[in-house]
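Novice: Given chain A, work out where chain B should sit, using these hints.
2 protein chains.
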Amino acid sequence: MIHVERFKDNPLITPADVKPLNEGFEVIGTFNAAVAQLPNETIMVLRVAERPLNSDPSKLLIPIYDVESQTTKVITKDNDATRFNTSDSRTIGPQQGGYDFDYLTSISYLRIARSQDGVHFTVDDQAFVYPHNDYETYGIEDARCTKIDGKYYLNFSAVSSRGICVELISTTDFTSYHEEAIIFNPDNKDVVLFPEKIHGRYYALNRPTVKSTGHNDVWISSSPDLHSFGDHHWLFSGSKDGWDNGRVGAGLPPIKTDAGWLEIYHAADKSSKYCMGAMLLDLDDPTKIIYRSKNPILSPDADYEQKGFFGEVVFGCGYTLKDDQLTMYYGVSDTSMAACRFSISELTDKLAKHEL
Amino acid sequence: MIHVERFKDNPLITPADVKPLNEGFEVIGTFNAAVAQLPNETIMVLRVAERPLNSDPSKLLIPIYDVESQTTKVITKDNDATRFNTSDSRTIGPQQGGYDFDYLTSISYLRIARSQDGVHFTVDDQAFVYPHNDYETYGIEDARCTKIDGKYYLNFSAVSSRGICVELISTTDFTSYHEEAIIFNPDNKDVVLFPEKIHGRYYALNRPTVKSTGHNDVWISSSPDLHSFGDHHWLFSGSKDGWDNGRVGAGLPPIKTDAGWLEIYHAADKSSKYCMGAMLLDLDDPTKIIYRSKNPILSPDADYEQKGFFGEVVFGCGYTLKDDQLTMYYGVSDTSMAACRFSISELTDKLAKHEL
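Just so you know, the protein sequences line up as chains A and B, in that order. Take 1 as the starting number for the first sequence in the numbering used here and just add one per residue. Take 357 as the starting number for the second sequence in the numbering used here and just add one per residue.
Keep in mind that the hints were calculated from the coordinates and are not lab data. Hints may be right or wrong, so weigh each one.
[Unchecked claim] So the derived list for chain B, only partly shown, Cβ under 8 Å to chain A, looks like this:
hint, residue
1, Asp481
2, Tyr486
3, Thr565
4, Ser584
[What the hints assert, rightly or not] EDC-like cross-link-like pairs, simulated, lysine to aspartate or glutamate; straight-line CA separation at most 20 Å:
hint, chain 1, residue 1, chain 2, residue 2
5, A, Lys77, A, Asp88
6, B, Lys507, B, Asp529
7, B, Lys596, A, Asp102
8, A, Lys256, A, Asp149
9, A, Lys307, A, Glu26
10, B, Lys429, B, Glu382
11, A, Lys197, B, Asp625
12, A, Lys288, B, Glu668
13, A, Lys240, B, Asp458
14, A, Lys270, B, Asp458
15, B, Lys626, A, Asp102
16, B, Lys553, A, Asp225
17, B, Lys612, B, Asp505
18, B, Lys364, B, Asp659
19, B, Lys644, A, Asp134
Glycine included, every Cβ here is placed at the ideal spot set by N, Cα and C.
With the rest of the complex left out, here is chain A (with noise of 0.2 Å):
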């Protein structure tokens, strides 16, 4: 165990914080931010989920951006319990079919949050990046932020009906952005990137999702460029019992300590409780595990972390670093953002002293 101590403040934005940007739509989740600590200011670049406002059960509400007409649309489907399976409430599955979902609930976008002390947040009133193009149709989600060579990249998931792909954007404030490319062909996502070359290349860790056989296992992947990634290698997949059993995904991007790279990775069990883990890599070669902690840094225990839209979840995104103290961001039950703090010493030591 380490130290860790959550913001008396938590949660620290909810969707009650944010207006929604769509007619008739309402927010339900501002969660699974990205985070980048700008001289004057931490910014956070949230996940905001919208959802049509629904006073009807027998018709399924499903939001889908229109690239031609450049709008968000509803489309109505009747609830019809022998075609569509509603039980998760993010998605509107098949009722058979080796496949995830149809559609998405929600749309997701990304909407920036800004800060003074880290604490109190003002979320913009508009979105940073909206769906626009023909891989987004469902929605983005999940970005991460990694400051390389003086810029901010961020990758998030794309959603569509051609499956979810993973786009890089970068940006150097936060108001405008440049569209990079899709760097992961479906389906991937939980794309982090390392802060620097390693022996010339860049790194990224990336969980394939997998349909033929095996499990949704985390890769590593690096590039010359950034926008083409390869060379392969699996890293690690979860445990076959306990609270890892179910799937793994890197979390925040990784931190180079003398101890190695840090990556702070989630984890879900069989019954989608998520937790979040931590692992050494090595410095020189990442796709070397130095040690991965058998037991999670950080369960769902506040009760909003246990409590919404889908609960009992705790997924980290992003961070801030000041000496020693570590400030992990963190989205809760697919709902709210919270963040606590610990020691970033504490961590990499017992760490290399396979004490976690």
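Specialist: Below, chain B alone, put in the same frame as chain A:
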């Protein structure tokens, strides 16, 4: 329709022509070969599939390459219908579960066949590439060969409990080879490399298998170094009805013609009948489709194309070209190799006129 002439010697190579490399195994497939035209020799890089001989129908025999002992082992499981689905002759699947298979019934590897006349082939006594790493424990399959800057690049599917990924090797002599990289992580297959750079980047068609939502569609990706691919673009999907409503995938490596990049691809309908279709891509920007055939150019009509280990399949992976005559070598029924020839100008003319 175009005029297609099947070779009168078809099938050119059958499992009876090839001795198994593993004791206690039988060769059940010699198919889906990559092809290279050397100055004095036509090379097929066959997929050879070997299956453990099994006289006990109450048992399932599963061949797996064991990396530690560097041997192909056979695992025995009870043929338990409550646990395993064996309705697909190629796989041992789950009775329930959102993935395709637990194991394969055979192990595939790459073995070279050589010919002076392109019709009569002699198969090497040994493997060219046999599974030997953790990504290949269930076998390696369906190579494609593209000559780039004087070197032959071969990519193939590597199957293991980590999913299906795509590896690249290179050779100059088809005797030894150099391991390049894993160029696509799971699940992906049916990768074909373009034979030259376009605006400074290498290109590849590829076919991610999606689990979240959507279909198994063909994407196009580019690379600065042949190891790392990115800037992924969705290219095309099968139709809702007809011969290509099941799945699509690239077949032959793209051929540069005056009319555009000619891609001869495969498509299956929902009953898994595999045909070959053709399309033209823009020479200057291969992410743009000029025209895709509405009908197949080759269907499994001959007896050897209809009957076999997995019937009703024509599956072309390689070709030779002499003047206007294109010879397509293709696997039939996941069992044997066949070939046919046709006029490439007739094909591209009719595609350009939207007559196919």
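Novice: Indicate, hint by hint, whether the structure satisfies it.
Specialist: So, going through the hints one by one against the coordinates:
Annotation: B:Asp481 was flagged as interfacial toward chain A, and the flag is violated, the nearest CB pair being 32 Å apart, outside 8 Å. Taken as an interface hint, B:Tyr486 does not check out: its beta carbon lies about 20 Å from the nearest beta carbon of chain A, beyond 8 Å. Residue-level restraint check for B:Thr565 holds (minimum Cβ-Cβ distance to chain A is 5 Å; threshold 8 Å). The interface hint given for B:Ser584 holds, since its Cβ lies 3 Å from the closest Cβ of chain A, which is under the 8 Å cut-off.
Simply put, A:Lys77 and A:Asp88 have alpha-carbon atoms about 17 Å apart, close enough for the 20 Å limit, and the pair holds. With a CA separation close to 9 Å, the supplied pair B:Lys507 and B:Asp529 stays within the 20 Å bound. For a cut-off of 20 Å, the pair hint linking B:Lys596 to A:Asp102 stands: about 16 Å separates their Cα positions. Between the alpha carbons of A:Lys256 and A:Asp149 the distance comes to roughly 15 Å, so the proposed pair stays at or under 20 Å and holds.
Taken as a hint, the A:Lys307 and A:Glu26 pair is honoured in the structure, with Cα atoms around 18 Å apart against an allowance of 20 Å. Pair hint B:Lys429 plus B:Glu382 holds up; C-alpha atoms about 14 Å apart against a cutoff of 20 Å. Annotation: proposed proximity of A:Lys197 to B:Asp625 is violated, straight-line Cα distance about 45 Å (limit 20 Å). Taken as a hint, the A:Lys288 and B:Glu668 pair is broken in the structure, with Cα atoms around 45 Å apart against an allowance of 20 Å.
Distance restraint check for A:Lys240 and B:Asp458: the Cα-Cα separation of roughly 16 Å lies within the 20 Å cut-off, and the hinted pair is therefore satisfied. Using a Cα cut-off of 20 Å, the hinted pair A:Lys270 and B:Asp458 holds, with the two alpha carbons roughly 19 Å apart. Of the supplied pair hints, the one linking B:Lys626 and A:Asp102 holds, its CA atoms being roughly 19 Å apart against a limit of 20 Å. For the given pair, B:Lys553 sits about 17 Å from A:Asp225 by alpha-carbon distance, which is consistent with the 20 Å threshold.
Of the pairs offered as hints, the one joining B:Lys612 and B:Asp505 holds, with about 15 Å between alpha carbons and a cut-off of 20 Å not exceeded. At most 20 Å may separate the alpha-carbon atoms for a hinted pair to count; B:Lys364 and B:Asp659 meet this at roughly 13 Å. For a cut-off of 20 Å, the pair hint linking B:Lys644 to A:Asp134 stands: about 15 Å separates their Cα positions.
Going through the hint list in order, the structure does not satisfy hints 1, 2, 11 and 12.
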